[in-house]
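Q: Protein chains in written order, with the working numbering: chain A, 2 to 340; chain B, 331 to 811.
Warning: the hint list may mix true and false statements.
[Said to hold, decoys possible] Which chain A residues face chain B? A few, computed with CB under 8 Å, are given here: (1) 209; (2) 218; (3) 259; (4) 284; (5) 297.
No wet-lab data here; the hints were simulated from the structure. Positions of the beta carbon are idealized from the N, C-alpha and C atoms, including for glycine.
Spelled out, the chains give:
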Amino acid sequence: MTQSLTYRQHYDPNQRVIAITGVSSHIGTELIKRLEKDRRYKKILAIDICRPNIPLGKTEFHKVDLTQPTADAAVARVLSRGEADSLVHLAFLSRPTHHATWAHELEAIGTMHVLNACAACHIRKVVSWSLCALYGPSPTNPNYLEETREPECVAESRFFRDKLEAEKLALRFQKENPQSVVTILRTAPIIGPQIDNYVTRYLSLPLVPTLMGYDPLIQLLHEEDAVGAFKLAVDADFPGIFNIAGDGVLPLSTVLSMAGLLALPIPGLFTNSLAKIMWMTQLADTPPVFLDFLRYICVASTTKTKRVMGYSPRYPIAEIVAHYAGFDKRPEITLGGRS
Amino acid sequence: MSPKKKTPRSKAKKSKTKKAPKKKASKKKASKKKAPKKAAPKKKASKKAAPKKAASKKTASKKAPTKKTAPSSPARPSESVRRTRSSAEAAKLPRKRKPSAKQALLAAQAAESRRIDIQAVGRVPENYVDGGMAYRLSRSAHSMPQLPTDVKSAANPGPGIAAATSSALARNRKSEKGLLSKVRGELVSIRDSNVIESTRKLGRKSSYRAWISRWRMRNRAEAVDPYGLDPVYAERLRPMLEYLYRNYWRVEATGMENIPDHGGAMLVGNHSGTLPYDGAMVMYAAKYDHPAHRTARPLVENFLFHFPFIGPALNRLGGVRACQENAERLLNDGKMTIVFPEGIKGIGKLYKDRYRLARFGRGGFIKLALRTGTPIIPTAIVGAEEIHPVVTKVTWLTKYMGIPFVPVTPTFPWLGPLGLIPLPSRWTIRFGEPINVSEEFGDDDETNRVMVTKLAERVRATIQGMVDEELARRAAEKSGR
Chain A
2 MTQSLTYRQH YDPNQRVIAI TGVSSHIGTE LIKRLEKDRR YKKILAIDIC RPNIPLGKTE
62 FHKVDLTQPT ADAAVARVLS RGEADSLVHL AFLSRPTHHA TWAHELEAIG TMHVLNACAA
122 CHIRKVVSWS LCALYGPSPT NPNYLEETRE PECVAESRFF RDKLEAEKLA LRFQKENPQS
182 VVTILRTAPI IGPQIDNYVT RYLSLPLVPT LMGYDPLIQL LHEEDAVGAF KLAVDADFPG
242 IFNIAGDGVL PLSTVLSMAG LLALPIPGLF TNSLAKIMWM TQLADTPPVF LDFLRYICVA
302 STTKTKRVMG YSPRYPIAEI VAHYAGFDKR PEITLGGRS
Chain B
331 MSPKKKTPRS KAKKSKTKKA PKKKASKKKA SKKKAPKKAA PKKKASKKAA PKKAASKKTA
391 SKKAPTKKTA PSSPARPSES VRRTRSSAEA AKLPRKRKPS AKQALLAAQA AESRRIDIQA
451 VGRVPENYVD GGMAYRLSRS AHSMPQLPTD VKSAANPGPG IAAATSSALA RNRKSEKGLL
511 SKVRGELVSI RDSNVIESTR KLGRKSSYRA WISRWRMRNR AEAVDPYGLD PVYAERLRPM
571 LEYLYRNYWR VEATGMENIP DHGGAMLVGN HSGTLPYDGA MVMYAAKYDH PAHRTARPLV
631 ENFLFHFPFI GPALNRLGGV RACQENAERL LNDGKMTIVF PEGIKGIGKL YKDRYRLARF
691 GRGGFIKLAL RTGTPIIPTA IVGAEEIHPV VTKVTWLTKY MGIPFVPVTP TFPWLGPLGL
751 IPLPSRWTIR FGEPINVSEE FGDDDETNRV MVTKLAERVR ATIQGMVDEE LARRAAEKSG
811 R
């Protein structure tokens with residue numbers, strides 16, 4: 002404990018040590034790539050169960066399984082030995098799984114372990130990952146959801162419940178350790194050519210199911226912009242919750258059209274039972290709760306993020322879709338009719 | 331290569347290869363080295379031109395005129411001379427040669443080979459495509475343009491079939507619209523490419539995706555405004571709204587000068603009609619009858635906004651879900667909103683209660699006006715309350731359908747969907763003097779509930795007065811007539 006207290010006093014902004022959990026995720030890997038290039042960072046402590054598939058320069062890999070009961074001690078050991086000043090917590094699942102118990106252990110309990118270790122080592126800053134989807138699609142949602150809105154609409158889904166619990170743990174950590182900076186970045190659905198999550202899985206279906214008669218406005222985030230936001234939050238201190246999303250909204254049908262996907266509208270009567278059956282028989286990747294995202298709006302406001310963090314996403318939604326669909330590589334294909 | 335054998339053109343090619351076997355061999359080599367891009371008779375042209383020209387739609391159409399001019403180059407050598415020279419050159423043509431002369435030569439040869447086609451086979455459909463499906467598609471797409479007679483007769487060389495085809499296509503492409511032309515453009519690009527390349531292109535997911543994308547985006551804009559208004563969609567539906575506005579309900583909009591040219595404002599009106607036609611008409615009036623062409627955003631009742639099919643359509647047209655956050659954001663951005671504080675009570679008004687304004691909600695619009703400092707423009711809509719004379723409302727079972735009530739009109743459930751056609755009453759929309767509540771009362775009064783209710787009632791009384799005036803005027807006009 003005394004050791005950890007001393008290194009916090011010797012915090013040098015040009016000799017920083019960052020710990021990252023969940024580095025084999027896309028954001029984790031890309032963040033390491035960016036931090037490797039940045040001279041202000043002396044060392045990067047990568048914590049995961051498998052080594053990231055990139056050349057590691059100043060990155061030290063430490064194998065820690067967050068689902069193990071003594072994970073907090075293991076993380077604390079890594080943090081104190083490496084003299085880390087900040088931690089980026091990215092060990093979350095990017096799509097729902099049928100192994101709900103394991104997912105809970107990893108996301109909720111794993112976050113608890115990590116935060117316990119942070120508290121023990123007096124980590125200066127914790128950046129945690131969360132989702133805008135936690136606000137939940139709801140018929141009573143305004144067009145733009147502020148960070149102040151309580152994210153409790155999707156509590157019935159275990160996937161979101163674990164993420165919500167992780168977020169609450171981070172907020173509790175902030176309360177208990179007021180000297181630390183806790184940043185929670187709620188990202189809009191991230192899509193891109195390299196990323197694999199529930200949104201890209203949905204979009205890669207041969208026939209993309211939609212709900213007949215519903216066409217909500219949706220918001221997307223380019224994978225590079227997501228990494229950029231995390232880099233921004235690591236570089237400077239922004240305590241609080243921030244929505245991270247690309248500029249602009251588009252109706253779901255327009256997004257599918259622009260990507261050249263074929264939509265399969267399903268009449269509302271059968272959707273819930275069909276989705277339930279498909280989820281239970283493991284034919285579908287997502288539980289029926291996700292259907293509401295095809296029905297109601299869930300768009301986050303980035304006003305605060307832009308004002309406070311100075312965040313400006315590079316890709317507006319049309320370019321995100323074009324990049325995802327691979328259309329921007331071929332100049333002969335022009336998106337859209339006559340706009 | 332199997333589809334090639336069936337084609338009439340390939341027969342012609344065979345005959346050609348007998349004449350010049352050396353040339354063929356050299357061609358094969360060349361085509362193997364590079365990615366084959368052009369149809370068989372034009373292989374030579376492809377040898378030099380292919381790298382420059384992508385197999386895109388645009389270049390395919392651009393390519394045509396160059397060919398047209400090329401064969402009719404002034405000094406035309408005799409056929410035999412030309413063939414031998416070009417074959418020799420094609421075999422080992424130095425790359426440094428000037429492109430113009432080379433191109434002319436190659437194009438001439440391409441034209442010539444096509445002439446041989448005609449001699450051997452007779453008439454070739456000019457939009458002939460390698461691969462059966464594409465051909466059938468183009469056949470069914472529309473009738474083929476007739477070939478010029480001079481091309482049919484081999485005696486008259488003319489500008490060559492390629493040029494004739496391309497010009498006919500270009501002419502036709504202009505007249506076509508929508509999907510057909512796009513598909514056709516794609517087909518032309520396929521026709522001009524090699525068989526392998528074209529089949530590969532057909533098999534590629536991306537080419538289908540591009541078609542799907544273009545077809546599905548025909549009524550859509552690539553960007554909507556932050557609240558979901560799709561300008562292309564709105565423009566598509568504009569003729570319908572215009573018909574309703576000008577011809578069907580013959581809307582007369584007065585008091586336009588009360589709508590500001592810029593800045594936020596709230597148009598507060600009386601709500602009626604089972605479907606929100608009144609909102610659409612007020613929106614239309616502000617957009618097309620106001621000199622500044624203001625876009626007013628109707629705040630749509632929650633149940634209607636999430637009603638299947640209707641909700642998304644309203645959203646694309648400019649509707650925004652009615653809630654404080656949305657309205658405040660809109661007004662702070664200097665946008666204009668259309669508010670019907672009566673809400674569902676207004677929309678489901680019985681015929682016997684027409685033009686009697688119901689309670690104005692909980693005064694949310696007053697709070698908004700106080701908070702954002704925007705003027706309230708009272709709007710009286712006369713005529714809209716008669717389009718669906720609701721005799722009674724059925725409320726049982728409607729809970730399960732997700733709607734508050736089912737109206738019963740003299741026509742509705744009885745005539746089925748036909749009963750949903752509104753009656754063609756004559757409308758008047760009158761915009762009254764702006765009420766600046768925020769000037770009279772401060773920001774603090776927002777919490778004063780009594781004050782808010784009082785102000786709401788005042789606005790309601792103003793609109794009721796305007797409605798009554800308009801009704802009296804209408805009655806006077808009628809009796810005068």
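Q: Now look at each hint and say whether the structure bears it out.
A: For each hint, the structure was consulted:
1. 209: violated, 11 Å
2. 218: Interface hint status for residue 218 (chain A): holds (5 Å vs cutoff 8 Å).
3. 259: holds, 6 Å
4. 284: violated, 23 Å
5. 297: holds, 7 Å
In this structure, the earlier hints numbered 1 and 4 are contradicted, and the remaining ones agree with it.
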